[in-house]
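Asker: Read off the chains here:
There are 4 protein chains.
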Amino acid sequence: MHESARFGGHDAVARSRIGRLLRFYRGSDDSDKRRFLTQLNEAFGPDPQLIRVAIDAYLKADEQSTRESALESLRNHLDSPRLKLLGQFNLMPEGVEELVRMRADLQRIDDGCGGLAALDRDLMRLLASWFDVGFLELRRIGWNSSAALLEKLIRYEAVHEITSWSDLRNRLDSDRRCYAFFHPRMPEEPLIFIEVALLREVAASVQTILDESQPTLDPNAANVAVFYSISNTQPGLKGVSFGEFLIKRVVEQLQIEFPGLKIFSTLSPVPGFMEWLQRQDVEGLGRNLPPELDFIVSGDARTRASRLQAAIVGRQDRMAGRRIEDWTRRQCARYLLTERRGNAPLDPVGRFHFSNGASLARINWLADNSPRGLRQSAGLMVNYLYSLKEIEKNHKMYCDSGILAASRQIRRLLDG
Amino acid sequence: MHESARFGGHDAVARSRIGRLLRFYRGSDDSDKRRFLTQLNEAFGPDPQLIRVAIDAYLKADEQSTRESALESLRNHLDSPRLKLLGQFNLMPEGVEELVRMRADLQRIDDGCGGLAALDRDLMRLLASWFDVGFLELRRIGWNSSAALLEKLIRYEAVHEITSWSDLRNRLDSDRRCYAFFHPRMPEEPLIFIEVALLREVAASVQTILDESQPTLDPNAANVAVFYSISNTQPGLKGVSFGEFLIKRVVEQLQIEFPGLKIFSTLSPVPGFMEWLQRQDVEGLGRNLPPELDFIVSGDARTRASRLQAAIVGRQDRMAGRRIEDWTRRQCARYLLTERRGNAPLDPVGRFHFSNGASLARINWLADNSPRGLRQSAGLMVNYLYSLKEIEKNHKMYCDSGILAASRQIRRLLDG
Amino acid sequence: MHESARFGGHDAVARSRIGRLLRFYRGSDDSDKRRFLTQLNEAFGPDPQLIRVAIDAYLKADEQSTRESALESLRNHLDSPRLKLLGQFNLMPEGVEELVRMRADLQRIDDGCGGLAALDRDLMRLLASWFDVGFLELRRIGWNSSAALLEKLIRYEAVHEITSWSDLRNRLDSDRRCYAFFHPRMPEEPLIFIEVALLREVAASVQTILDESQPTLDPNAANVAVFYSISNTQPGLKGVSFGEFLIKRVVEQLQIEFPGLKIFSTLSPVPGFMEWLQRQDVEGLGRNLPPELDFIVSGDARTRASRLQAAIVGRQDRMAGRRIEDWTRRQCARYLLTERRGNAPLDPVGRFHFSNGASLARINWLADNSPRGLRQSAGLMVNYLYSLKEIEKNHKMYCDSGILAASRQIRRLLDG
Amino acid sequence: MHESARFGGHDAVARSRIGRLLRFYRGSDDSDKRRFLTQLNEAFGPDPQLIRVAIDAYLKADEQSTRESALESLRNHLDSPRLKLLGQFNLMPEGVEELVRMRADLQRIDDGCGGLAALDRDLMRLLASWFDVGFLELRRIGWNSSAALLEKLIRYEAVHEITSWSDLRNRLDSDRRCYAFFHPRMPEEPLIFIEVALLREVAASVQTILDESQPTLDPNAANVAVFYSISNTQPGLKGVSFGEFLIKRVVEQLQIEFPGLKIFSTLSPVPGFMEWLQRQDVEGLGRNLPPELDFIVSGDARTRASRLQAAIVGRQDRMAGRRIEDWTRRQCARYLLTERRGNAPLDPVGRFHFSNGASLARINWLADNSPRGLRQSAGLMVNYLYSLKEIEKNHKMYCDSGILAASRQIRRLLDG
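Chains as they are written, first to last, in the numbering used here: chain X, 1 to 416; chain Y, 1 to 416; chain W, 1 to 416; chain P, 1 to 416.
Bear in mind the hints are in silico, worked out from the structure with no lab data behind them. Hints should not be assumed to be uniformly reliable.
Because identical chains cannot be distinguished in the list, a pair is counted as satisfied if it fits within a single copy or across any two copies.
What the hints assert, rightly or not - As a list, the in silico SDA-like pairs of lysine to any residue whose alpha-carbon atoms are at most 20 angstroms apart:
1) LYS60 with PRO81
2) LYS248 with ASP105
3) LYS393 with SER407
4) LYS389 with PRO187
5) LYS84 with LYS396
6) LYS396 with ASP167
7) LYS262 with ALA43
8) LYS152 with ARG169
9) LYS396 with ARG17
10) LYS393 with ASP218
11) LYS262 with ARG23
12) LYS33 with LYS393
13) LYS248 with ARG15
14) LYS396 with ALA204
15) LYS84 with THR38
16) LYS33 with ARG200
17) LYS60 with LEU172
18) LYS84 with GLU252
19) LYS152 with ASP167
20) LYS60 with GLU392
21) LYS33 with GLN255
22) LYS84 with LEU50
23) LYS262 with ARG323
24) LYS248 with TRP365
25) LYS396 with ARG15
26) LYS84 with MET124
Quantities reported herein were computed from a predicted structural model and do not represent experimental measurements.
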């Protein structure tokens, strides 16, 4: 029973201190919270003096063992006192959830200015260790889940709004699947969830998937699983990465349940496309520009954007329609495959899937004609393919050489 | 869905690497394991070159923001590559358990020599973060628990051996309680457990508690909860501290269930007492030495020890008995309250309870007459009192001034 | 292991026979079902010949032991062969549910004509024994229940329609309760459920209870539990009585959870009132008839009814309003307390509560102004009080002398 | 909500009456219990007067509808008032269990004399309806089951005594299975349980199965499932038949889990064999009698029996041994296949399995050398085969013509 006395007695003291602090924090308005967070950020960081001393000791240490302990000491002094304090939240029954909420507050209060960056980094480190993907539990969500949980899906869905309980029910039907990650300390809160349609072929339009009047497919007859929506739910966990792991766990799960599934694909938006398009200069846009889109090389950005949207959904003769479609697809392929920020693809969704080892398989015309779909993605949706045989190879090529995997069909759009 | 791509794709790759590594490790014998652990210890530590560069960058950074990122970079370089690797064990279904087992291997293989200390420190850091007390679940163990779990109690009990299923059943009767901490990733493994007897008065002998022929008390009529055994079960978690928190959670739990409980006390061994006694010189022992124990100031240590044990349990006239008891109690009080290693009490059990804020209430004569009880503790057992009103104060005095809390009765033994 | 061989081997044979029968039945349309049920009704009843023989044997038996076994044999021959067959449905996983459905079919197909009465009686006997109230499980239904279950509440609610998920959510809020009985063999099907509002005072109007904009009460501050809706869900279990037991179990449950509750009352419709009123003759109606309701003693029934409804909700000067209210209340008291069918009250809801030992406490004016409320109950709702002290006494008086318990206020309405 | 008022209010009254009755009964000693049961038996039976009246009405009824209701009325009068009273036990939380216990009391108190037969028959009818096999839940029992449950196996095992927790653990190992039926109202009580060994070939000796030192087989490599023990646990449910259904459910279960299983067989005692043998006359025994067993045709029964046991286990030359074995096997085949009580086999275990449709496959020599095994079964154990293809046919032949299925090997023993 010989317990180390290292933290002896501290826990009880810590708990009552954290308890008081939480009660104060919960009762605060935003300006009080900002003051509290600012103080944490400024007054409880690592001590430069102590770090300097530890560095000196390390630099002077000349044998293995003293160097080891100097290293240990340096490491300790780099960790801020606030990190220890925040870590003790875990002693409280709701402490983990409260800390997630506190970081969400910080994101809201600090947004962009970055005045609280050091505190944010400590919170993120702590939460990343607590929410290590190994501790998360994958659970299927269905019509048998509690109404309280399902209500949260409605609230959290970030990609394709759930418009009613009947829309939701359709998404949980026997030929649909929904999975989420949960943390043992927040058992009622889905951290991220993904919606999957089991189909006979890869979907080219999200409206078809969401159409409640479509007949239900026998899921055992499905060949294709389409991931058509994935939503992070906790702003306080921004930057803590679950999505890649969720997709892969779900692929494994589905393969066990439905051995007939051959293709795993997303149906994804291209959220940065239109914004990027509006920033392009004449030269970039002019190549192969059909006469119907002449306006695109002049006028102000917003007007051009809304005229483009009108042209996409508007009625025109078939030839003109084909020309508009053709030109837009090419621009999209160019945007997704060649535009970078540093080494990474510019489009955030593309960045996520390419780095996971997926490949861009298809660009679908008039695939999301919702107002948002048109405004952000010009109505396009794309399929990223998760081919289990290729994932590792694609991922390695992405990491080593920045190469993005794409189907021949897509590559041809670039060449044209 | 814009997931950070930071670890993009790494997880899947990491999982297959860890999988191979685990299969290799499981199939190894001890000499292979030693070689594997040694390589981890030597070849995957932090890189001194990179640390030096990061230190230089930090020392040169002159504004807040560059200093912050230099700090971050330094912190990253202090973490060894093996720490990242070991952290990825969590991706495997049994990874957490495997790592606990690996550290147990290391403890066994390395024991004492310390050649693997750096690796051990990394393992301990990782496990301490995974087994943060906030993630543990307190569960009551009873006769309704599974036989598979109860069998583990029999195996793990470290203080008072469980001799049969009927002994175990007695310890789980309606006037007994057993609680354990569990981790969500090792749901079948108790990490630490504590056994409690609900009584009318503080127990002076463990044999009375364990006597199966004693009548069962209506637990609602109990005034006293005696913690008579607490066992850590995982050598791989050595140094990760649960015990203090367990006691306090159990006290809270019991207070809710039995509002009639007034006193919470341990019945603890004094495991270092006899060994210490044998190391004492004549002067220390001689004070008030009764004639019956004259032998104690001469002869070799083992002989004196066994003669002392004989004297304690042997028959003698009442006066002699009282003298032996009196002298032994005094020595024990001296040992527990005045002997230190650094600031901390020498006795490991005492160290644990004093640092938790408990006070030494009573020394019980002939309280554990098992062979081990006599050999280690001269048959004595002591009561450490967990008085909820005093714990914080005691703990603070212990931390600030090294003062050990004890009852008046005990203090008087010292003065005598 | 010496099992009686009485049914030896029969079960396996029975199962495959029942299996075939169920597959046939499920695939049938109503005319096939009618034919099937008719055959069961006619060809598998008890055999009059055998009964006659058994009666003769009984009448001749002259000592105790032969009489006993003659009795046993007579009893067996009174049970129809179809009863044994139907009993074997229980061997199939879904057999219980199927039999409930079969009886619902029978009710629908046979309705009123009674041609299948003997079969219906056998089904009812069997189901009454399977659904003995002692086998039912009381479960609370809340917003944490599954959407699949909650959807059934929406479908089954028979008294006050649930108009949306948000209406439902309001009925499951923290100051509301919903309980249902379930059978172990139909774990997803509520058999009967009751909705309760926790309030500061006895509700006089159901619209207030259902108003989503009302603030939520701290349920610990409630004095009154109002049962405002109770719905049987299974037509196949018609005549199998759960309601009385449900109310009493819920009262017990609520008393444990909220010791502050002092009053348990229903808010009930008077579903037969208007129909009864239309059948009354001039003499009965004329007493104290206010001039505003003169029309009531002439014209055809439907016209009078709709004019009465108009008068109830219409605008009029205060004195006239009071006169209409007063007269209607008196008629209602007369209807509930004096009109009988045999010994039992004519109103079906009243019959249920009076026989349970409840007392009629209050008649509420303009308490349910929904179209159905006006059409059936003249907008009135009444409170039946479940006073735990009085229930047994009231019940006994009801059984022994047909006396109906009512408050002094109500009694005065009768005298006026 | 229009509940039938038939039992209105009765339930609450019934519950308090039953409650008082139960408290009285629980506190009674056996002589009080006998008095209580006797009164139930004598004073609360069906009323002959009322039966006579109902019979007269039935005999006089001349049309369908009056005959139907006369039948209903007659049926009601045949049911004793005590049946209704006992049925209300179900309203109490522990009522079902109490009634099972009451019948066990009756069995003990009344044993043999039969003075309480009428009451016993009513109890049996009620319990048979409550414990209808369709309501029972099949659960696997393993080392993960609670110690409290496993302790009951030790107590209840009726065929091959469980001598220790380690014996029990061996019976729950990965190549063993144990299944039991439970009733929803007695969730902690196994009603009947069966022990199964998964083997490479049909076992010829129970000691081999129970030998803890035998290596554990990979259950997926097993071809044969041997049912070596089946125990009813509740004397209060004597005559309520579960065993046949249990075996068949377990066979189904095992086939799903282990598709490699080809043979399902029992290893059963022949409990009436030795007793029967002692009653045989010289002629029956004398055929083919080996000289070593000459004593069997003279002397008193007990002496012959113990000499026979000695001869079976004793050392002798090989030829003599063969002769003894051969003669004993023939007698056993004769006993099992030709001795009847009425149409049913005399041996109770044989009766059970033959009527289930099993066939006698093998008689094993020296298969149970425990004292009981020798005393009852002459050390023999037999295998009854449950061949899924043959069960129905065998069962039909048994019912229709009293034919007992047996292997050719066994038949030859008869012919010899």
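Asker: Determine for every hint whether it applies to the structure shown.
Answerer: Do the hints match the structure? See the list:
{"no.": "1", "hint": "LYS60 with PRO81", "verdict": "neither (26 angstroms within a copy, 24 angstroms between copies)"}
{"no.": "2", "hint": "LYS248 with ASP105", "verdict": "neither (31 angstroms within a copy, 32 angstroms between copies)"}
{"no.": "3", "hint": "LYS393 with SER407", "verdict": "within (15 angstroms within a copy, 63 angstroms between copies)"}
{"no.": "4", "hint": "LYS389 with PRO187", "verdict": "neither (34 angstroms within a copy, 34 angstroms between copies)"}
{"no.": "5", "hint": "LYS84 with LYS396", "verdict": "between (37 angstroms within a copy, 19 angstroms between copies)"}
{"no.": "6", "hint": "LYS396 with ASP167", "verdict": "neither (40 angstroms within a copy, 54 angstroms between copies)"}
{"no.": "7", "hint": "LYS262 with ALA43", "verdict": "neither (56 angstroms within a copy, 43 angstroms between copies)"}
{"no.": "8", "hint": "LYS152 with ARG169", "verdict": "both (14 angstroms within a copy, 14 angstroms between copies)"}
{"no.": "9", "hint": "LYS396 with ARG17", "verdict": "between (48 angstroms within a copy, 14 angstroms between copies)"}
{"no.": "10", "hint": "LYS393 with ASP218", "verdict": "neither (34 angstroms within a copy, 39 angstroms between copies)"}
{"no.": "11", "hint": "LYS262 with ARG23", "verdict": "neither (53 angstroms within a copy, 29 angstroms between copies)"}
{"no.": "12", "hint": "LYS33 with LYS393", "verdict": "neither (47 angstroms within a copy, 32 angstroms between copies)"}
{"no.": "13", "hint": "LYS248 with ARG15", "verdict": "between (39 angstroms within a copy, 11 angstroms between copies)"}
{"no.": "14", "hint": "LYS396 with ALA204", "verdict": "neither (29 angstroms within a copy, 61 angstroms between copies)"}
{"no.": "15", "hint": "LYS84 with THR38", "verdict": "within (17 angstroms within a copy, 32 angstroms between copies)"}
{"no.": "16", "hint": "LYS33 with ARG200", "verdict": "neither (52 angstroms within a copy, 37 angstroms between copies)"}
{"no.": "17", "hint": "LYS60 with LEU172", "verdict": "neither (64 angstroms within a copy, 57 angstroms between copies)"}
{"no.": "18", "hint": "LYS84 with GLU252", "verdict": "neither (38 angstroms within a copy, 25 angstroms between copies)"}
{"no.": "19", "hint": "LYS152 with ASP167", "verdict": "both (14 angstroms within a copy, 18 angstroms between copies)"}
{"no.": "20", "hint": "LYS60 with GLU392", "verdict": "neither (44 angstroms within a copy, 40 angstroms between copies)"}
{"no.": "21", "hint": "LYS33 with GLN255", "verdict": "neither (47 angstroms within a copy, 36 angstroms between copies)"}
{"no.": "22", "hint": "LYS84 with LEU50", "verdict": "within (16 angstroms within a copy, 27 angstroms between copies)"}
{"no.": "23", "hint": "LYS262 with ARG323", "verdict": "neither (34 angstroms within a copy, 68 angstroms between copies)"}
{"no.": "24", "hint": "LYS248 with TRP365", "verdict": "neither (27 angstroms within a copy, 59 angstroms between copies)"}
{"no.": "25", "hint": "LYS396 with ARG15", "verdict": "between (46 angstroms within a copy, 15 angstroms between copies)"}
{"no.": "26", "hint": "LYS84 with MET124", "verdict": "both (14 angstroms within a copy, 17 angstroms between copies)"}
Violated hints for the displayed structure, listed by number in ascending order: 1, 2, 4, 6, 7, 10, 11, 12, 14, 16, 17, 18, 20, 21, 23, 24.
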